[in-house]
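Engineer: Residue strings, one per chain:
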Amino acid sequence: MAKLLDLSIDFCDVKFPNPVLLSSSPVSNTAEMIGRAFEYGFGGVAYKTLGFDNIKIIHPSPRMAGYTYGSNNLIGLQNVEQITDRPLQDNLMDIEYLKKHWSNHVVIASIMGFSEEEWIELAKMAAGSGADILELNFSCPHMTVEGSGMKVGQSFGLIEKFTSTVRNVVDIPILAKMTPNITDITEPALSAKKGGADGLTAINTVRALTEIGLDDNVPKPNVAGIGAMSGYSGPAIKPIGLRCVTELAQCTDLNLPIAGCGGIETWVDTTEYLLCGASLVQITTGVVHYGYRIVEDILEGLSYYMEEKGFKSISEIVGKALPNIQPTDRFDLSRQGVGEYDLDRCVGCGQCYIVCQDAGGQCIDWDYDKRRPVHDEEKCLGCMICSFICPVSDPPLISYREVKNKKSVIPPVSE
Amino acid sequence: MEPCFTPDQAYAEAGRCLLCFDAPCSKGCPAGTDPGTFIRKLRLRNIKGAIATVKNNNILGGICGILCPVSGLCEKECAATPIDRPIQIGRVQRFLIEHGRKLKFNPLEKKEPNNINIAIIGCGPSGLSCAAELAKEGFSVDIFEKKPKPGGVMRYLIPDHRLSKEFLNEELKDISSLGVNIRYKSPVESGEELEKLLKEGYRAVYIATGTWGMKSLGLASVYKGFYNAKEFLEKCKSTEKPDMKKIISGKRVCVIGGGDTAIDAAESALILDAKDVSIVYRRSFAQMPGDENGKIEALKSGINFLILTQPVKYLTNGGRITGIEAVRNKLGTSDTSGRPRPVPISGSSHIISTDIIIEAIGFGPEDDSKMLFEKFKLSEKGLILVDEKTGTTSKKSFYAGGDITRGPSLIPEAVADGKRAAKAILEDMELS
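These protein sequence lines map, in sequence, to chains W and B.
Counting from 1, position 304 in the first sequence corresponds to residue 1740 in the numbering used here; the numbering is continuous, with no gaps.
Counting from 1, position 130 in the second sequence corresponds to residue 956 in the numbering used here; the numbering is continuous, with no gaps.
In case anyone wonders, no lab produced these hints; they're calculated from the structure.
The beta-carbon is built from N, C-alpha and C at its ideal position, and this holds for glycine as well.
Hints may contain errors.
Distance windows between CB atoms, simulated [what the hints assert, rightly or not]:
id : chain 1 : residue 1 : chain 2 : residue 2 : range
1  : W       : ASP1812   : B       : PRO1234   : 46 to 56 Å
2  : B       : ALA838    : W       : ALA1660   : 42 to 52 Å
3  : W       : VAL1849   : B       : THR907    : 39 to 49 Å
Using 27 Å as the maximum straight-line C-alpha spacing, the simulated BS3-like pairs for lysine-lysine come out as follows [unchecked claim]:
id : chain 1 : residue 1 : chain 2 : residue 2
4  : W       : LYS1806   : B       : LYS853
5  : B       : LYS902    : W       : LYS1806
6  : B       : LYS1215   : W       : LYS1806
Partial pick of chain W residues on the chain B-facing surface, computed with a CB cut under 8 Å [unchecked claim]:
id : residue
7  : GLY1506
8  : SER1507
9  : ILE1618
10 : TRP1802
11 : VAL1828
Chain B extracted, bound-state conformation:
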C-alpha cells in the first residue's frame, strides 16, 4: 500500500482546497462521505470533527480513501482543477481514518437498543455498511456470512498491495464495536431459508450477497495454467500464496480483460515474479473500463497491454497452457455500452505464447443465486430488482443492495446502498 499522508501533508492538501459553497466534491461521492465538509474541518484544524464526519458518513471511509477511483468521482468535481490540480481527497480521507486510530478516537455513537432484530446476508461492503447504520440506530443486527471471515471482496479479492489485511481488520473493528454480530460459515442457501428468517423473529432482511460468479470466454476446460481471476486472486490472498508464487514465478502470464480485476490480477502476477505479464483486451486502451490511474500505474509497472486483441482459442500441450490463438480487432461502430465495437480483422490470426492464462472478463451472479432468489423479481442478468430510493425488493420486508442489485460496481456505491436500505428500514419500522 502506498504510504499514508503525514499530518503536515494532509494540512497542506486541505490548505489548497477552495472550500466551495455547495461543494461539488461532496456531490461526486456516491457514499455521501461529504469531503467538502471534512476537508473544511481539517483546514480549520478541527481534526477530530473531520474524522467524525468521515466515520459517521461512511463506515468504510478508510478503505474508500484507498480503493475509490476518486479521479472519476469526488476529485473529478474538484473546483481547484482548472487553476491547479484536484485536491487529493482520497488520500486526505484515508489520513483522517488512520489518524483517528492513532488518537484512539472513535466518534461512533450508538442509540439505546430498540430490540428489533435485522438479518443481513453477506458481510461485504454493502452488508457491513447497512449493519453499521442500523446498529448505530439501536437495532440488533446479525450478519449471515458464507465465508469464514468478514469483508467480502475486500478480504478475498482485492490484492494485498492495494489493501492490506491489517488495514481491513482495523476498519472492521469499528463495526464490531457497534455490537454487530457476524455468523461466519453460515450460508443462506435457499428461498425457504430466507423466508424462515422472518419467522425466526427478524423484522427485515437486507440481501447483499454480491456477484461472485465469473463469466468465461468458454475457450477452456480444465487446463493446467488456466485460472479465472476470482480463483487466482483468492489464492493470492490465502495461505496458498507461496504455492502460487512457485507456479507463477518466472512464467509468462496473460490476463484477459480490461477492468479493475484484470489489472489486479496482472499486478498480482507481477508481484509473484512472473517473467512477463500481458493484459489482453479486445478494444483499445481508452475503452478499458478500469480506473484511469490504475491503468497508468499498470503501464508504469511494466505490464504489456495487448490491445485490440481477441483470443479465439487456447493452445495446450498435454493439458497445459502453451499459448493463445488470437485475432486483431479494429474499432467499429458503437455498441449498447456506447463504446466502439471490436471488429475482427480477417487474416490477422496470430499466436501469443504464454504459460498462464487468467480470465478476468467480468463478474455476475453465482449459478445458485437464481434458486436463492426465486421469489424475487430479477433482471435479465439475474440481479435483484430494487426500488431506487429505498432498496426495497418485490418481497415485503426484504431489501437488497450492492453488486447483487447493480452488477459489479464500486465500494462507495455498495456503502451507499447499505445506508439507503438502513434508512428505509428505519422508516418502515416507523422509528424515524
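If we strip away everything but chain W, and leave its shape as in the complex, we get:
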C-alpha cells in the first residue's frame, strides 16, 4: 500500500485508525476472517450480530442471490441470511481475541435480543468481552424469528425502550442501526436518541425482490420453492443510503455521528458518504464481490483525494456537501441551459437523436449523409438525456452550458 495520510477519526470518543469498516454480516463472521480484513487495512468491524443460543439460527439455503445488470455482476445482492448461527460463547471469545491482537482496531459488537432480558444480557456480555462499541440491530429486514429486526426498527416505542434498556447496563457507546424501510428515517433515529444512543448506523438493507424465476415463478434466492422479500444491498442501493444518511445528518434535533453504509465499493463511494455526513463507512457487498483487498484502494484513493483537495483529516470532509443539499423549492429557476455538442469527436451512433425525439424536446435532427446530429439550441430543453447515452466520454462530448436569459421551451399543440 502507498504511504497514506493520517486517515484516523474519532467517533463517539473512540479512535478509529481509518473510517473503513466491515459491516455486521457474513463478511464479519469470525475472528479469523476479521483478522485478515484488518491485515488488509480495514480500520474496524461491526461484528456479525450476536444472539442467544436458545433460539437456534439456521440460515435458509441458498441464502443469497446476485443481481446482474447487462455484463455487470452484483450490482445488487439479495440475502436472507440471519444473525450469527455460531454459539454465543464462541463469538464472545473471538471478540476478546480480536481486541487482544488488534488493540488499535475497533470492534463494534452488533447485538439482537428477542426479549428485554436478552438485550440486557447480550449488551453486558459483549461489553465484557472487550467490544469498544455496541450496535443495536433494529433493522434486519428478513428475520425468521417473530418480533425482531426491522419489526423493532419500525416501531418507535420499542426502539426507545430497548436502547434505554441497553443504555442502563453498559458504559460503552451505543449505535442504533437503522432500517431504510420506513417513511422518514429521522423518526426512529430520534427515538433511539431518546433511548440514549450515541450514534447511528444507516442503512441496513432495503427490503426488496430482485428477480422472479420465469420458469418456476419463484423469487430469488429460491429456497426450495419459496422466495421472500428480503434485504437488498450493493451499488444499486447507494443512492438510497446517501439519501438516508443526509436526512439523518441534516436533522438538527438529532445531531449524532453516523456510520454510513449501502453500496460502498470504492474511495469515491466512501467520500460521497463522508461528504453527506457519515464519519465512518461500513461495507459488506463490496467484499462479497471483490474480497477484503478493496480496502487498499479505498484508503489509497481517499488519501490521494485528501492530498489533492488539501484536507488535513477525514473529519474535515464529513458533511461538506450538506449545505448544497436543499429542498427543490430552493432552485433558481431563472437559470437555464442547453446541451453543448463537440461534434468533432462524434462517432455517429445517433442515440442522442433517438432519445431527444422520444424522451426529450425534439431539438435534434439527423443528417443522414454525414451521420451526425443537428442540434437546435433554441428548442433544447437542457434536459441532458442525450449526454447520458452518448458513448463518447473523457471529457463528455455533450456538456451542459448555461444560457443567459434563455426563453423557456413549451411544446406546441399538434396541428
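Following the hints, position chain B against chain W.
Structural biologist: Then chain B, alone, in the frame of chain W:
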C-alpha cells in the same frame, strides 16, 4: 472451427453495441441480414426475435456468421470502432443461429402453396437463398444440382477447419424444412435443356451455377505433385482425405496466389502435416486480395509468405515436381484493378525447392458454360449479364445470380442475389 460464443459472451458483446440510429452495420451487409436490428433484440433480451431476424433475412445466416469477411463489411462500418473496437457481429450472428438450434426454435414461416413451379440451377449459396425465399412465399421449388450433395462451394471447397460438414448440414435442414426439392446428380448441360424447363411447366428459372473453372498459369502439364486449388480442396473435403494426407505429410508445399482460396489451400496443407508451406504471390502483402484476418491468421500459423515472387517455370524430375523457377518483382504503376503492377526485376531468377505446387490464381466460368449459356448475353469473361436491380437475364423468365454473374465473390453477395431474384420472380408473377 473456432468455438461459438456462449450466451454470456454474446450478451456482453451486444452490451457494447451503440444501438445506432439507421445502423451503419446493417448497410454494410450485402445480404441484408440487418445486424443493427438483431443485436438490439439480443441486447433487450429478445433472443428469439434476434434469431428470427437473422434467419428470415439470411437463410445462411449461421454460415455467413462464420465465413463472412466481416472486418471489411458490417464490422468495418461499426460506430463503436473509434472509441473501442468493432462489435464482433459475425460471431454474434453465428451464436444466434446455434442457439436457435439448441432451443429447437425455427422461425421460418411458409405461405399457402401457390402451385407455381420454379427451377433453380445449382445448389450453392445463391441457389439455396433464392429457393428458401421462394419456398417461404409458397412456390414449389426444384433445384437441379450436378453434384451428389447440396451446398456447392460450402460443401466441396471451404475447408473443414473453417466450416464443418455438421454445421452445413444443420443449416441446410432449415431449407429442406421449407419443402425445397433438390434433384442431385441432375446437371443441366445444354441450352436446349434449359429451354425445356419452361416447357415442363417451370414458370421461371434461376441460374446460380457458380464459377467452377480454374485459371492456370499454363506452366504445368500433368505432373506428379501439381494440383489446382479446386481439385486439391475438393480432395481434402472428400473420402480421399487420408490419401491426401499421405501425399502431403512431410512435404514442402508451395501455393501460388494471394486470395482466400490460396490461404484455404495453404492452411489445408498445413493441417495435412506438410513440412513447410509457402504462399507464393507476385505482388506485396497489402495487395493480396484475401481477407485481412485470414492473411494474419495464416501468418500466425507459420505459413511462409513469398511475396513479390513470380513463378516462370515449374521444375520436374521424372514427371514429379521438384521446384519453381521464379523471379523477384517490384511494384510498378497501378493497373486496371487499382493495385500496383508487379514488374520483374532482371537478373533475379532463383529456384524455390518444393515437392508440391498448388495453383490458386482464381476461378472463372467452366469451359462448357459457353455452350450452356449460348443464348444469353455474356460478359467478356463469360459471365451472365443481369439487370442489377432484379437479376433478370437477357432471356425472358430466366434470372441469374451468384458467381456466374459476378465472378468469384462473397457468400453474402450470393445470398443477396438469390433474394433479389426471388423478389423479382414474385413481382413478375404479379403475386406481390
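Engineer: Hints first: check each against the structure and report whether it holds.
Structural biologist: Going through the hints against the structure:
no., hint, verdict
1, W/ASP1812 <-> B/PRO1234: 46 to 56 Å, "holds (50 Å)"
2, B/ALA838 <-> W/ALA1660: 42 to 52 Å, "violated (32 Å)"
3, W/VAL1849 <-> B/THR907: 39 to 49 Å, "holds (43 Å)"
4, W/LYS1806 <-> B/LYS853, "holds (14 Å)"
5, B/LYS902 <-> W/LYS1806, "holds (17 Å)"
6, B/LYS1215 <-> W/LYS1806, "holds (26 Å)"
7, GLY1506, "holds (5 Å)"
8, SER1507, "holds (4 Å)"
9, ILE1618, "violated (34 Å)"
10, TRP1802, "holds (6 Å)"
11, VAL1828, "holds (6 Å)"
In this structure, the earlier hints numbered 2, 9 are contradicted, and the remaining ones agree with it.
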